[in-house]
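*Asks:* Use the sequences and the hints to build the structure in full.
Here the protein sequences come in this chain order: A and B. This note's numbering puts the first residue of the first sequence at 1, with every later residue one more than the last. This note's numbering puts the first residue of the second sequence at 1, with every later residue one more than the last.
Treat the hints with care, as some may be off.
[Stated by the list, open to error] Where chain A lies over chain B, by a calculated footprint (3+ residues, C-beta under 8 Å): (1) 82 to 94; (2) 126 to 134; (3) 186 to 196; (4) 267 to 274; (5) 322 to 332.
[Unchecked claim] Using 27 Å as the maximum straight-line C-alpha spacing, the simulated BS3-like pairs for lysine-lysine come out as follows: (6) K4(A) <-> K297(B); (7) K162(A) <-> K77(A); (8) K274(B) <-> K162(B); (9) K77(B) <-> K162(B); (10) K241(B) <-> K274(B); (11) K4(B) <-> K77(A); (12) K162(A) <-> K241(A); (13) K274(A) <-> K162(A); (14) K4(B) <-> K4(A).
[Claimed, not checked] Facing chain A, from chain B, some residues (calculated, C-beta under 7 Å): (15) A2; (16) R3; (17) Q9; (18) L13; (19) A97.
I should point out that these hints are in silico values taken from the structure, not numbers from a laboratory. All residues carry an ideal CB built from backbone N, CA and C; glycine is no exception.
Protein chains: 2
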Amino acid sequence: MARKHIGAQTVRLEQPPVIVGAAAVAGPVEAQGPLGHEFDLTYPDLTVGQDSFEKAERQMMIDACNLALRRAGIQQKPPAVDYFLAGDLLNQLITTAFSGLELGVPLYGLYGACSTFTEALSLGAKLIDGGFADRVLCAVSSHYGSAERQYRYPTEYGSQRKPYAQHTVTGAGAVVLASAGEGPRITYCTTGKVVDWGVADPLNQGAAMAPAAVDTIEAHLRDTGRSVDDYDLIVTGDLAKFGYEMARRLAAERNLYLGENYRDCGVMVYDTTKQNVDSGGSGCASSAIVTCGHLLKEMARGRLRRLLVVSTGSLFSPTSFQQGESIPTIAHAVAVEA
Amino acid sequence: MARKHIGAQTVRLEQPPVIVGAAAVAGPVEAQGPLGHEFDLTYPDLTVGQDSFEKAERQMMIDACNLALRRAGIQQKPPAVDYFLAGDLLNQLITTAFSGLELGVPLYGLYGACSTFTEALSLGAKLIDGGFADRVLCAVSSHYGSAERQYRYPTEYGSQRKPYAQHTVTGAGAVVLASAGEGPRITYCTTGKVVDWGVADPLNQGAAMAPAAVDTIEAHLRDTGRSVDDYDLIVTGDLAKFGYEMARRLAAERNLYLGENYRDCGVMVYDTTKQNVDSGGSGCASSAIVTCGHLLKEMARGRLRRLLVVSTGSLFSPTSFQQGESIPTIAHAVAVEA
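*Replies:* Structural data, given as structure tokens:
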């Protein structure tokens, strides 16, 4: 086993990289949700002042990056970071590509669907701890309008949605990781395996992703020797109401009891009883804006000390769905400690 | 600057990871090309015995992985590798997702369009040199049928193609990197920045990508202090005939003279004078199968000692093209030494 591996799926960072800056930007529905006041920037409508949803998403990613860089005290253009690790949900990662063009730093494009936030943090932390980078900028985004256009129906059709459907979070989150500085640190990264329990309904992402979330949480605890209670909070990325309950039950079947300290970003980001968001949020931005906008601030306020972020991704495509295939899923976990 | 960084875009691996196994599988057109005899497995038709092009592509990636693992002496199931780093051209990386499901090892999904081969080698080498992995499996694929369906017209339309259009390479390449063993080593990795000179014709990828290729080669030579002549061979990924000539000219304008030792995998993989492949090959598999199938074997035969592989990627999407945007591009370079 490699020197820093402490189990089949987990590495321990020897010199845990520091989160020296983070920012979350969000759309109008997210701004009206229970965490609305926490986001660093919100937009009054889905266009973000641009002439397409795709350009709006790009603007959000760039805004999140610039805010996170400013927090980190990085003002130069191009920014003094060694790498830009980013991903989004749009085909061929065009949000990432055009944001990378604007930023002008070496880019590694990543795709883990809605798990991309912790995929980026995990690889970024390793690049720093491995001696390859002093500072890394990680970012992800998603946008309700661009995602609906690509994955489902034009919203103008007004097609009926099932109760377990989810609402793609409009927003972007960015994190600056550094080899030194003030802030919480990334201590462990658990890399997920692809899991597929045969769910084939692309509107039922929560059910599809719950087994991957439980698998990765279990691997993390097994590899680190930690228990659920060692964390003040464990959050999954975007299981939403149904998937969240399912994850809790699946875990219990494996004698892994997720208590009050287990929550889901897709549930936290909206008030599903008042907002018209089906069973809750989904998208790369779900775990990113809840973590960057809210949880890291809770750490700074001293209300959280140990956090496990488990972003969850559904790796299907409209083509694989149309060809009758089930939905492969994945989850990556990153431990953040004050 | 981070310890292992030797310039703005390049790192030097302290304990250069070893390529302990590699394999290339290819489709029927590639099998008839000048390197046909070099590939480890070729298929008589585009279906690879599957009932869709998408499943055919997946089978190719899995075949390439299994062959590379066997070469590396890794026989277990799931294979004893710490990570699977992979990417492909299909939306949501479904080839990668389903291959990852089949393989059952921790996955980082990557997207750099046709630059993904060297993106994977670069991140894989860093994970090993950084102490996070002993063995990493890297793989990419592309498929003429699935790519045409997704990016262009159904081939049945028989739409006319421009002379500078390219033919997507059907194939997959896989590499097993290890911290120790026999084989050529990855010594330097140069990570590309996004480059966009305003080309907006998605059929003219070679022209769009040539500036990115030259940019990355220039950065590599500047950062390492090496010259073009320090390499027995420098190959770009898939510029094809027009892009290859353009890269040579662009480089010369910057006083960088690419000589006989500069070639392009998209030109090498086909005989463009006899095969009906427009100006040459494109796709993730272009640089992957030429490197895994041919160049690494040339190293083993003692005919090449120092090789620079510069996979080139065009980061546009059909949506960004339809919205009138130009084509952002990127290139990543990896030095391989016997």
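*Asks:* Could you run down the list of hints and mark each one as holding or not?
*Replies:* We went through each hint and held it up to the structure:
1. 82 to 94: Holds: 8 residues of the segment 82 to 94 of chain B have a Cβ under 8 Å from chain A.
2. 126 to 134: n = 9 at 8 Å, threshold three: holds.
3. 186 to 196: holds (count 6)
4. 267 to 274: Violated - the segment 267 to 274 of chain B has 0 residues with a Cβ nearer than 8 Å to chain A, which falls short of three.
5. 322 to 332: Holds, because 4 residues of the segment 322 to 332 of chain B bring their Cβ atoms closer than 8 Å to Cβ atoms of chain A.
6. K4(A) <-> K297(B): Given pair K4(A), K297(B) is violated - Cα atoms ~33 Å apart, limit 27 Å.
7. K162(A) <-> K77(A): The hint is violated at about 46 Å.
8. K274(B) <-> K162(B): 17 Å, holds
9. K77(B) <-> K162(B): With a Cα-Cα distance of about 46 Å, the restraint between K77(B) and K162(B) is violated, given a limit of 27 Å.
10. K241(B) <-> K274(B): OK: K241(B) and K274(B) at ~14 Å, within 27 Å.
11. K4(B) <-> K77(A): 23 Å, holds
12. K162(A) <-> K241(A): 13 Å, holds
13. K274(A) <-> K162(A): Holds: K274(A) and K162(A) sit about 17 Å apart, inside 27 Å.
14. K4(B) <-> K4(A): At roughly 18 Å apart (the allowed maximum being 27 Å), K4(A) and K4(B) satisfy the hint.
15. A2: 5 Å, holds
16. R3: Given a least distance of 4 Å, the restraint on R3(B) holds.
17. Q9: Nearest chain A Cβ about 5 Å off; hint holds.
18. L13: 9 Å, violated
19. A97: Holds - the Cβ of A97(B) comes within 7 Å of chain A, reaching about 4 Å at its closest.
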